[in-house]
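Q: Order-wise, the sequence lines are chains A and B.
To convert, note that position 97 of the first sequence is 100 in this note's numbering; the numbers rise steadily by one, no gaps.
To convert, note that position 428 of the second sequence is 430 in this note's numbering; the numbers rise steadily by one, no gaps.
One or more hints might be untrue.
[Claimed, not checked] To give an idea of the chain A side of the interface with chain B (calculated C-beta under 7 Å), a few residues: (1) E12; (2) D42; (3) I45; (4) Y46; (5) C50; (6) P53; (7) Q63; (8) T66; (9) A67; (10) T68; (11) T70.
[Claimed, not checked] Simulated restraints on C-beta separations: (12) E200/B - I58/A: 26 to 34 Å; (13) R392/B - I33/A: 21 to 29 Å; (14) E120/A - A383/B: 23 to 31 Å.
[To be verified] Think about it this way: if two alpha-carbon atoms lie no more than 27 Å apart in a straight line, the pair counts; the simulated DSS-like pairs of lysine-lysine are: (15) K14/A - K398/B; (16) K24/B - K65/B; (17) K6/B - K48/B; (18) K61/A - K415/B; (19) K419/B - K14/A; (20) K14/A - K435/B; (21) K14/A - K415/B.
No lab work stands behind these hints: they were computed from the structure.
All C-beta atoms in this analysis are idealised placements derived from N, C-alpha and C, irrespective of residue type, glycine included.
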Amino acid sequence: MKQLSIFIENKRGTLLTVLNVLKEAGIQIIASTISDTQDFGIYRIICDDPERAFIVLKEQGITATITDVFAIQLEDEPGEAARVLALFAEADISIAYMYSFLLSGKGILVFRSSDTERTKQVIKEKSLQEF
Amino acid sequence: MDVKSPYLHPEYETLSREEINKLQTERLQETINRCANVPFYAQKFKEMGIKAEDIKSPADIRKLPFTTKQDLRDTYPFGLAAVPLTDCVRLHSSSGTTGNPTVILHTKNDLDEWANQVARNLWMVGLRPDDVFQNSSGYGMFTGGLGFQYGAEKLGMLTVPAAAGNSLRQIKFIKDFGTTAIHAVPSYLTRLYEVMQEQGVDPRKDTKLKTFAIGAEPHSEEQRQRIEKMFGMKAYNSFGMSEMCGPGVGFECQEQNGLHFWEDYYIVEIVNPETLEPVPDGEIGELVLTTLKREAMPLIRYRTRDLTRVLGRACPCGRNHVRLDRMKGRSDDMMVLRGVNIFPIQIEKILMTFPELASNYLITLSTDNDNDNMTVEVELAEMFTDDYARLQSLTKNVTRALKDEILLTPIVKLVPKGSLPVSEGKAVRVVDKRKVYQ
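With the rest of the complex left out, here is chain A (with noise of 0.2 Å):
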């Protein structure tokens, strides 16, 4: 799966001119999540069309990049997440960053692994159902 990632100055309005750009190029976002530190924040998305909002984003100036994380559909009921961890845990992969967002009923984890390719055997392996 392609995950945007924004670098976003810790300033008023930089988040509002990253969603006004990606609005205007008719990008729709499915999931999101931005996390703050003092310094900046990294404004992560999941969007209909990732290429083309990279490209949109650099024509403004917006410095961005297009990052592969993993995207698992989980089963709609309670222990699924960590059912699901627990195999990568098992196999000795821990997690960068994680968010999670229902579409359509499913329930669907995003994450970044320290071991791209563990991660990927791991999902065979155990048959998990990427998004």
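Given chain A, work out where chain B should sit, using these hints.
A: Chain B only, in chain A's frame:
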């Protein structure tokens, strides 16, 4: 002229330090005597009780007053002349975009000595009378034109006053006249190379070029090396300033380890621009020059505002004339933070070593809770990661590298590319918001 000798003026170029000191002492005394004809200096010397015989060594120059560019402006046009105007044969003037222009006068001997300095430099980098020298520098009031013209002719080279610009004609001259050496500003050489490529001219095969003299605009070691690699030939750094004469004052030898400043012509001092006290060798300070041979317009302790440092004196080339580092910027840019002198160029130098960073940066000085702080905002070249930890460790590494350089811990902030103000021409790099200055 012995074309096999590495020196054009061995009697001056190979002087020992003791001999240089002795010569400078004599010549400084002569200079002080010549200044008696200049009311500006005569009055200052009288007030300070200075006489030529008080000078026992070059270090005694510290007893003398400084001269500034403002003094040149205030005495415009001929107030600092030490000889009657009828003895002068040339003047060069600055553009005067920031006030009265400055005027520098020359006698016939001054022009001759100026040409000697330039000839010495060109000889030093291996040029001989059978070379063909193309001066692709502006002429007119700009001293890089006539300065190199007279110097190259003095050496005995066939000299082509090609002047600046018109690259197609430059290339035709280079090919038709068999040009072996060019003087130009470094940015022009990059342009010239592009045009050569467009024209299918390979400087290595299709020309006899072997040597460049570059100067008159600040450039980094990286830029010099780029030029050398492009053309496959040597480029030597030249220092000049119209207040001293023009080009000729300092030049790199074939070791390319600093510019030799000619101490038979100048007394070279490096001072702290705040305290005006001398700084130790190796430490950056303001270059202060005193002319030792000039007749028309001697200048005492002229504050050049250029920042540099002493790299050393003795050199494998056999010369002992002081070697200075390439100019590091202007003393007008110096910041004082918690008693430490810091120049933007020091910050810039460190930032440039991080490929993750772009070249735009802004230094802000502020007072927070009665502490003076420095914040360095620097643009990210690109979003090379989306990992906080890596961005934060970049911030940490930049902070540490800056601390090693300036001995204070700045607050480093990464900002997106394009977010810092870009001004036309000279970029604003320092904003001082400290209380004391408000």
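Q: Name the hints, by number, that the structure is in violation of.
A: Hints 4, 5, 6, 7, 17 not satisfied by this model.
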